[in-house]
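**Q** Whenever a hint applies, use it, and build me the whole structure from the sequences.
For reference, the chains in residue letters:
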Amino acid sequence: MSKDVFGLIYTGESNAQLRELTLSRSIAAVPFGGRYRCIDFILSSMVNSGIHNVGLITQKNYHSLIDHLGSGKEWDLNRKRDGLFILPPFVTKDNTGIYKGTADALNSCLGYIRRSKQRYVLLTGSHTIYNNVYDDMIAQHRETGADITIMYSIASSVSDNPYDDLRLKTDASERIYNLAINPQNQVSEKRSCDAFIMEKSLLVDLVVDANSHALYDFIRDILIKKTSTLKLYGYRYDGYVARLDSLNDYFAHNMALLQDNVRKDLFNSLHPIYTKVKDEVSARYGENASVSNSMIADGCEIDGVVQDSILFRGVQVKKGAVIKNSIIMQASQVHENSNVEYAILDKGAIIKGERSLRGFENFPIVLRKNSVV
Amino acid sequence: MSKDVFGLIYTGESNAQLRELTLSRSIAAVPFGGRYRCIDFILSSMVNSGIHNVGLITQKNYHSLIDHLGSGKEWDLNRKRDGLFILPPFVTKDNTGIYKGTADALNSCLGYIRRSKQRYVLLTGSHTIYNNVYDDMIAQHRETGADITIMYSIASSVSDNPYDDLRLKTDASERIYNLAINPQNQVSEKRSCDAFIMEKSLLVDLVVDANSHALYDFIRDILIKKTSTLKLYGYRYDGYVARLDSLNDYFAHNMALLQDNVRKDLFNSLHPIYTKVKDEVSARYGENASVSNSMIADGCEIDGVVQDSILFRGVQVKKGAVIKNSIIMQASQVHENSNVEYAILDKGAIIKGERSLRGFENFPIVLRKNSVV
Amino acid sequence: MKRKKIVAMLLAGGQGSRLGVLTSTTAKPAVPFGGKYRIIDFPLSNCSNSEIDTVGVMTQYEPLALNSYLGNGQPWDLDRNSGGVFVLPPYISGDHGKWYSGTANAVYQNLKFLEQYNPEYVLILSGDHIYKMDYSLMLKFHEEKQADATVAVIRVPINEANRFGIMNTDDNSRILQFEEKPKAPKSDLASMGVYIFNYKKLKAYLNIDAEDKDSENDFGKNVIPLMLKNSCRMFAFSFDGYWKDVGTIKSLYDANMDLLTNPPKLQLNDITWRIYGRNPILPPHYASGDAEISHSLVTEGCEVYGTVKHSVLFAGVKVEKGTVIEDSILMPYSVIGADTQIKKAIVGENTVVGCNCLIGVEVSDSIDNSLTGDITLIANDMNVSNRASIPKGKVVRKKEDIV
Amino acid sequence: MKRKKIVAMLLAGGQGSRLGVLTSTTAKPAVPFGGKYRIIDFPLSNCSNSEIDTVGVMTQYEPLALNSYLGNGQPWDLDRNSGGVFVLPPYISGDHGKWYSGTANAVYQNLKFLEQYNPEYVLILSGDHIYKMDYSLMLKFHEEKQADATVAVIRVPINEANRFGIMNTDDNSRILQFEEKPKAPKSDLASMGVYIFNYKKLKAYLNIDAEDKDSENDFGKNVIPLMLKNSCRMFAFSFDGYWKDVGTIKSLYDANMDLLTNPPKLQLNDITWRIYGRNPILPPHYASGDAEISHSLVTEGCEVYGTVKHSVLFAGVKVEKGTVIEDSILMPYSVIGADTQIKKAIVGENTVVGCNCLIGVEVSDSIDNSLTGDITLIANDMNVSNRASIPKGKVVRKKEDIV
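Residue numbers (the working numbering), protein chains in the order written: chain A, 49 to 421; chain B, 49 to 421; chain C, 21 to 423; chain D, 21 to 423.
Note that these hints are calculated values from the structure, not bench results.
It is possible that part of the hints are untrue.
Stated by the list, open to error - Straight line, CA to CA, 20 Å or less: simulated EDC-like cross-link-like pairs of lysine to aspartate or glutamate:
1. K326(A) <-> D130(B)
2. K367(B) <-> E312(D)
3. K108(B) <-> D115(A)
4. K285(D) <-> E349(B)
5. K160(C) <-> D183(B)
6. K25(C) <-> D183(B)
7. K326(B) <-> D290(D)
8. K274(B) <-> D213(B)
9. K326(A) <-> D290(C)
10. K372(B) <-> D310(D)
11. K165(B) <-> D130(B)
12. K312(A) <-> D310(C)
13. K152(C) <-> D327(A)
14. K203(D) <-> E180(D)
15. K285(D) <-> E335(B)
16. K329(C) <-> E335(A)
17. K128(B) <-> D115(A)
18. K338(C) <-> E312(C)
19. K372(A) <-> D310(C)
20. K206(C) <-> D191(C)
21. K220(D) <-> E163(D)
22. K25(C) <-> D52(B)
23. K285(C) <-> E335(A)
24. K238(B) <-> D219(B)
25. K108(A) <-> D115(B)
26. K128(B) <-> D290(C)
27. K152(D) <-> D327(B)
28. K165(A) <-> D253(A)
29. K128(A) <-> D115(B)
30. K326(B) <-> D130(A)
31. K165(A) <-> D115(B)
32. K285(C) <-> E349(A)
**A** Pasting the structure below:
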């Protein structure tokens, strides 16, 4: 139990890289893995680590995020003391409500940060998915006496279009001596998982100081500039890490769930991933169903062929329909004798009968919410 | 029970008239009556009428409103089916999130309105306070076959600076034949209580039609223009009605709670007013306390003199302090031997020892949140 | 306490002995049903969907599992500020206490619970029926008839009527006669064990019944006949949806299989009448490249590497490669090893079946299948070793039963 | 079910006969205390503030009031997804059931409840003490000492020690001896009735105790002495805050009055250690132009038109004009008519006192005040007519007691 830590999740990340999926929602609210939203993984990781005070910094388009989280009861965060706090931008005559960067956003939440009773803060983004229990990282942070500990994983490849790709160089003791953001060449295999632990008082000092110098980005303006003056340590995480740098990454990381080892890592039953309960019925297989190497959520009705795909809750696959290598989101329908391959159907999309839709592995077609083909 | 009605509360009213009290909150969130916020009265009236689907249309500065309402559990509105829905403005690239008027706001909530399963909608604002059970009004609406029924009360005087003062002229059957907004001369004693009941389908039609004609205000552009074409009826409400037209009205209506009959009307024990629970202790009277004709909330500690005043939760009145004709909001403090008269102290204000502060009956002094004198 | 219009009292006391090994540590209403549910989810969801927000669950047998399953009532939307769901075991009042002696006695002992809400009407339910019913329509009928009591009835085949409590009614649905399991039924209207009473009337008759030393304190046997005798206004409310008593292994099996017909005899995927339950925290199910699944219900947490036909798989079930499951019900978290065959069987919760087993495949004459017919039944928490064969109709309730 | 580090078991079974008329329809832990609370709010809030989220409340006497008071546990922040607060009456297991025969037996009968959470530690609490205690500090002590059991102790005046269970400890706080109400106490460390056990050890000893036909199945009398005899590692954890057993009318009265000292002996207005309770839905209290209130606690829903000195008024109390209340406790929703005098009295819930009454003012020699000393006590739900006089120390529990 990590009672002396509170969580702070920044969900205002630029989200252009996920194209149509983030038109009306933040990355945190993007569906993932058949019945989840991206935020579920970080939030569950925090809760499973015994953290029960979590602030969620939202910027725009947070309506669907609030809908999803509700009072936080699925994460057991509907509490009288502590719990889940949505921190929307404060729009007044003087304030547009658009943050200039992470440090600017943190600055506007100083009230919440100061009120939080815990000594340490775990600061994360929302576009990196994993199922971790932070206990070890917190223990390491205390043992090394670090100012800030950054969780990292080994990422040998560089994404085509990386988002805030922060690379660490550490010595044998894991002390960080170099940090680089979005480097042209791969400077290190150690890539930040966008999770930082530090004392709350240090965060407050850093943010106040940055703000008074008109500096607004936590990574660029604080971490990188202070690499030598702060005691920064890396914490190596060896579990599966899904970074949603691009739509291709999003597609690939969903598909990775069809591998037993990835699925067992991300859905470790010792520390489950919580999400909004929808009271769907069991998935129903018809007499003509043929499903292989696929993940199927409750409420689906399948009477067609599904291969190498992820079906979210309540998807209908009619007789003769064939779905391959695709992600079909909640309540979408593929009607009789239609073909869907390498496609992402956002919520409520409908493929009418006798149609065909085919993308390519590195260019999956995306159908917007409620589109009808 | 009025199972076939849902509530829709518009909280985006212009709020300049309450001066400092609405600097950082909407009128709905303004403290009232010792432990309430204005919204509590309408919301409780709806809940006590058996309405358990309520949409709350917010504009800006709704953070403290969300804080107050939480998941709606104090109003028993934390439900799986129906419940409380916060409807914030949807800010996207094309949408500034600032509504052009009530009809514009309603237009942006058409999704929620259409999804609601109830046949009737009760549309209200948030700056009118009363404790009504709408059952009679709903029954009358059904009996008369009205298109829209407007709740009104008898208001003989005209406010100096009325806010959306809608006056009704009705015939013997309560059918409305004339409507006037903010009339120069008092055209009728019948003033709208800002509560309208109609079929949901009619509301949708009116709002869609108005919007397509670039008309944005429900009262000015719809009700008044259609007085002769729609079947409008008045429903007379004889209970106490507090309209917060101005700071003086706000002050006077709080003070009215010190009259037994007003208090018994607004806090009718058959249909109580719910509010956020704060687990305060009992109010504590010291040996030097002298309190008369005052309303005192829990958590207060009083060792001074309090007369003709309203004390919110957790107010401290030290020995020798004298408070008269004032409204002292949550967690404010009046220290030793200070005098406060005709004043409104917003939350957390502190009057240090040996100070004096005196307003006048029609010009109460207002101390902003957390001010220190 | 705020007055309630109607309060439901659910009789969940049964030890469910006819369900045998499935209820050894679970009260009958907590037996799993339909892939995601427990039997008690049905009456509770019916209450919630009928806008009844206060439910007393009367039980005296193993209340702990029920207590922790129901918890704060949130899954059924019954975590209300006033009202909600309460487990009501018998308690000591004054100087003495006693167990519930019958259905009517259970309600009699909880009159104080009802008195807190002082309802106009009381709805009596049993905890072992599967059906979707809008009790608010029955209440409306009850009010319109100005009845003292209303009994929900369903038409049954006349040749089976002798197994039920049968109502004889006039043209106006008023009950003239009530016969418990009549030899020569005069009607095909069977009581569903669902009653609405005017609370005051109910209180009066429960007090009379409690005084009667000869009474078995049962609604069907004592209270309702007495009320009829005293010319109370009692009406029969006809229900014509799906309704099944799942008090036996066979009927429990059949009711599960009824969900697999096309269209299903009982439609659970009904947005206007959701059946709520406590959801396990598990990912979507996974069907491997080798999996063949048809004509089945499969739910969250399942992993299927084998073949599943015409079966119901509950949460967290694992079916290994080469294994064939047919016409069967696999209860939550049961695990079936590789290359095993299972046919027309019920495998209990947490039971592990090894590899190369034959379950319900071979026929043996020495089997006592009086409880199950040709359904093979393996109890909860069992461990069936590799290469075991359990013949058709056998009931495995302890280690020694496995050959 | 997720494993819990610690689960609390609260003994709320007491019929509270010493609290007499205040518990005729309420279990002792549900007796009002301190203006806004019930006694049970204190151990429950202590649990909540100590981050213990699973509490079993064992009761067999009038569980309904407790059941509906605790509800879903939300007021104490105990409406958790896993865990929460559960009322645990005795139940039928297998073929038989029996009432709780003692404190240890109550926990023994609920071992299945504990087994669901398989905790490392079990905290045993009683439901009739007023105190604010951080059990997590006691747990830390228990872990550091690698104890089998830890008993919370408080120093009492040595001349009163013979009324308590007294611990004799070594320098390392290890308990050497436990004496229940010793005639010649060897120490002033009294047991608070708060224990932490290692769950496995507890289970083992409860099973031994259940086998022992001569045992009274009591923690203090049987289980703890036996563990000491068997050289278990048992330690005393010293608590030095306010602690009061409120099992008698006098101690209940005194504990209420302790809140009125300056500063109060027990500080309830403590933002770091809130006492939670079920809040009534009432407006702020109103003090009229004629009211005089000093040195008192007054809460929501009260209306004071008279004089209140050195008294505690619970929610919804009304005191009419001309009336003087002194050194008294007015329980929830009691109403005191005009021109009445009340001195050193406890007026029960919902009791109505008429005008021109004298309560606890006149002295009468014929009063049996063995229960109350000089405190006058009027039971719940009474109606005291105008001009009645109830002499000092009298207990009014039924209509005939009013002269």
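**Q** Out of the numbered hints, which ones does the structure contradict?
**A** none
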